[in-house]
Amino acid sequence: MSTPRVPTGIAGLDEMLHGGFLPRTANLIEGAPGTGKSTLGMQFIQHGITSCQEPGIILTFEEFPQQYYQDAANFGWDFHAHEDSKQLRVIMTSPEVTRADLQRINGRLESLVEQIGAKRILVDSLSHFERLSADPVELRRLTYEFINGLKRLGLTAVLTRENAALLGETPDVEEDLAFVVDSYVLLRYVEIQSAVHKALLVLKLRGSDHDKDIRQYAITAHGIEVRSRFEGTHGIMSGTPTMTHAEAFAAAFLNPGTKG
Amino acid sequence: MSDVDDLATSLMDDMDPRLLNLIQNRINSFIKWDLVRFFHDNPHTTDTADSIARYTGRDVRTVEPELIELAQDGLLHMEELSGMRVFTLATDPEIRQLIQSFIVACDDRQFRVKAIYHVIRNLR
Numbered sequence: 053m054s055t056p057r058v059p060t061g062i063a064g065l066d067e068m069l070h071g072g073f074l075p076r077t078a079n080l081i082e083g084a085p086g087t088g089k090s091t092l093g094m095q096f097i098q099h100g101i102t103s104c105q106e107p108g109i110i111l112t113f114e115e116f117p118q119q120y121y122q123d124a125a126n127f128g129w130d131f132h133a134h135e136d137s138k139q140l141r142v143i144m145t146s147p148e149v150t151r152a153d154l155q156r157i158n159g160r161l162e163s164l165v166e167q168i169g170a171k172r173i174l175v176d177s178l179s180h181f182e183r184l185s186a187d188p189v190e191l192r193r194l195t196y197e198f199i200n201g202l203k204r205l206g207l208t209a210v211l212t213r214e215n216a217a218l219l220g221e222t223p224d225v226e227e228d229l230a231f232v233v234d235s236y237v238l239l240r241y242v243e244i245q246s247a248v249h250k251a252l253l254v255l256k257l258r259g260s261d262h263d264k265d266i267r268q269y270a271i272t273a274h275g276i277e278v279r280s281r282f283e284g285t286h287g288i289m290s291g292t293p294t295m296t297h298a299e300a301f302a303a304a305f306l307n308p309g310t311k312g
Numbered sequence: 034m035s036d037v038d039d040l041a042t043s044l045m046d047d048m049d050p051r052l053l054n055l056i057q058n059r060i061n062s063f064i065k066w067d068l069v070r071f072f073h074d075n076p077h078t079t080d081t082a083d084s085i086a087r088y089t090g091r092d093v094r095t096v097e098p099e100l101i102e103l104a105q106d107g108l109l110h111m112e113e114l115s116g117m118r119v120f121t122l123a124t125d126p127e128i129r130q131l132i133q134s135f136i137v138a139c140d141d142r143q144f145r146v147k148a149i150y151h152v153i154r155n156l157r
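Protein chains in written order, with the numbering used here: chain A, 53 to 312; chain B, 34 to 157.
Just chain A, same shape as in the assembly (with noise of 0.2 Å):
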């Protein structure tokens, strides 16, 4: 019996998950600025009021809702009628206010999951969750009981997180988050013949097999696309991906007009 899943919504990027994530799982985004975490998470909430029936709920600690409707507006997606039609829901709080009310009996978050029956959650982003501790250890007890209160609600996360690192390898720091999710995806740029590409990896997701590929992905007007693995290159997590021997081979006997 295959294990149930919850689709994003992205043909590629379901693939590349063997479904979609797992029901009631913790899943990270982490990406530089632009990368497209944000509409990632929209489209994976979007996906699941319109062809899941299943409501959402985007907890946003940054961005002003108006910025959620608009942005979403311009994938097609009319997240007012969603609101009206009580399958969504766009709260701004900060991380110190839904850490208490996740604590406490019938909290409002709670109480909202259970008016409009919500599924899945969007939390933008889990960056701002590093005010609450200097202390990584704390921090990341303070993530882990966050993300173990959304999980208890019955839904299916997909946290953002920024990397400030716009091309090359991710710092250390945020290798401690890796430990505590269930999956982690991520999305990255990379330099290829002088262009900047976007590049997707799914790293992990726990408790079942998953591609491995690098792809590439796009925003496009009707949201991510995730297109076919790098092909002729290596290093591309480096952000500056090198050709492979074969490729070189070809570029420069071959084909001489491409460069490496």
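In short, the hints are calculated from the structure, not lab data. Take the hints with a grain of salt, since some may be wrong.
[To be verified] So these bits of chain B aren't anywhere near chain A, every CB distance computed over 10 Å: (1) M48; (2) N54; (3) S62; (4) D74; (5) E97; (6) P98; (7) E102; (8) A104; (9) M111; (10) V119; (11) A123; (12) P126; (13) I128; (14) V137; (15) D140.
[What the hints assert, rightly or not] Selected chain A positions facing chain B (Cβ under 10 Å, derived; list incomplete): (16) F116; (17) R141; (18) T150.
Glycine included, C-beta positions come from ideal geometry on N, C-alpha and C.
Position chain B against the provided structure of chain A, taking the given hints into account.
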């Protein structure tokens, strides 16, 4: 009757009495006006005075007393949460409808001018 009183009477005459009462007694400062608009635009906000001050680009020392008064006047809900004082928009449908009417009325320049007059008069 002075000229000022004459003007005030004329400005009150053609105003919806519910909205006039709201401006004279509850949204009687420009900061409260701003805060009510903020909660109207972001109706699911639940946060501390500190965060709300940040969202609205104001000083918490200015914002917090106004939030408390709005809560005392029933436009907001205030509660203690793990030692924090947290504010949300009141859930009473009548209050929400009143706020909605006020925000819609503010789209009209004539209404805004009259409302500004009453707020300034309250501040004096």
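These are the hints, each one checked on the structure:
At roughly 29 Å from the closest C-beta of chain A, the C-beta of M48/B stays outside 10 Å, upholding its exclusion from the interface. The beta carbon of N54/B is kept farther than 10 Å from every beta carbon of chain A, the shortest such distance being approximately 29 Å. The beta carbon of S62/B is kept farther than 10 Å from every beta carbon of chain A, the shortest such distance being approximately 23 Å. The beta carbon of D74/B is not kept farther than 10 Å from every beta carbon of chain A, the shortest such distance being approximately 6 Å.
The Cβ of E97/B sits about 15 Å from the closest Cβ of chain A, beyond the 10 Å cut-off, so the non-interface label holds. Even its closest Cβ contact with chain A, about 20 Å, leaves P98/B beyond 10 Å, as expected for a residue assigned away from the interface. The beta carbon of E102/B is kept farther than 10 Å from every beta carbon of chain A, the shortest such distance being approximately 21 Å. The claim that A104/B is not at the interface with chain A holds, since no C-beta of that chain comes within 10 Å of its own (minimum 16 Å).
Separation of M111/B from chain A is adequate, the least Cβ-Cβ distance of about 13 Å exceeding the 10 Å criterion. Not every CB of chain A is more than 10 Å from the CB of V119/B (nearest about 6 Å), against its label as outside the interface. A123/B, annotated as away from the interface, keeps every beta carbon of chain A farther than 10 Å; the closest lies near 14 Å. Separation of P126/B from chain A is adequate, the least Cβ-Cβ distance of about 15 Å exceeding the 10 Å criterion.
Against chain A, the non-interface label of I128/B holds: every CB pair exceeds 10 Å, the least being about 18 Å. Against the 10 Å criterion, V137/B stays outside the reach of chain A, whose nearest CB is about 16 Å from its own CB. D140/B, annotated as away from the interface, keeps every beta carbon of chain A farther than 10 Å; the closest lies near 16 Å. The beta carbon of F116/A is positioned within 10 Å of a beta carbon in chain B (closest approach about 6 Å), and the interface hint is therefore held.
At about 5 Å, the closest approach between the beta carbon of R141/A and any beta carbon in chain B falls short of 10 Å, and the interface hint on this residue holds. Because the beta carbon of T150/A sits about 8 Å from the nearest beta carbon in chain B, less than 10 Å, this interface hint is met.
The structure fails hints 4 and 10 (numbered hints given earlier, in ascending order).
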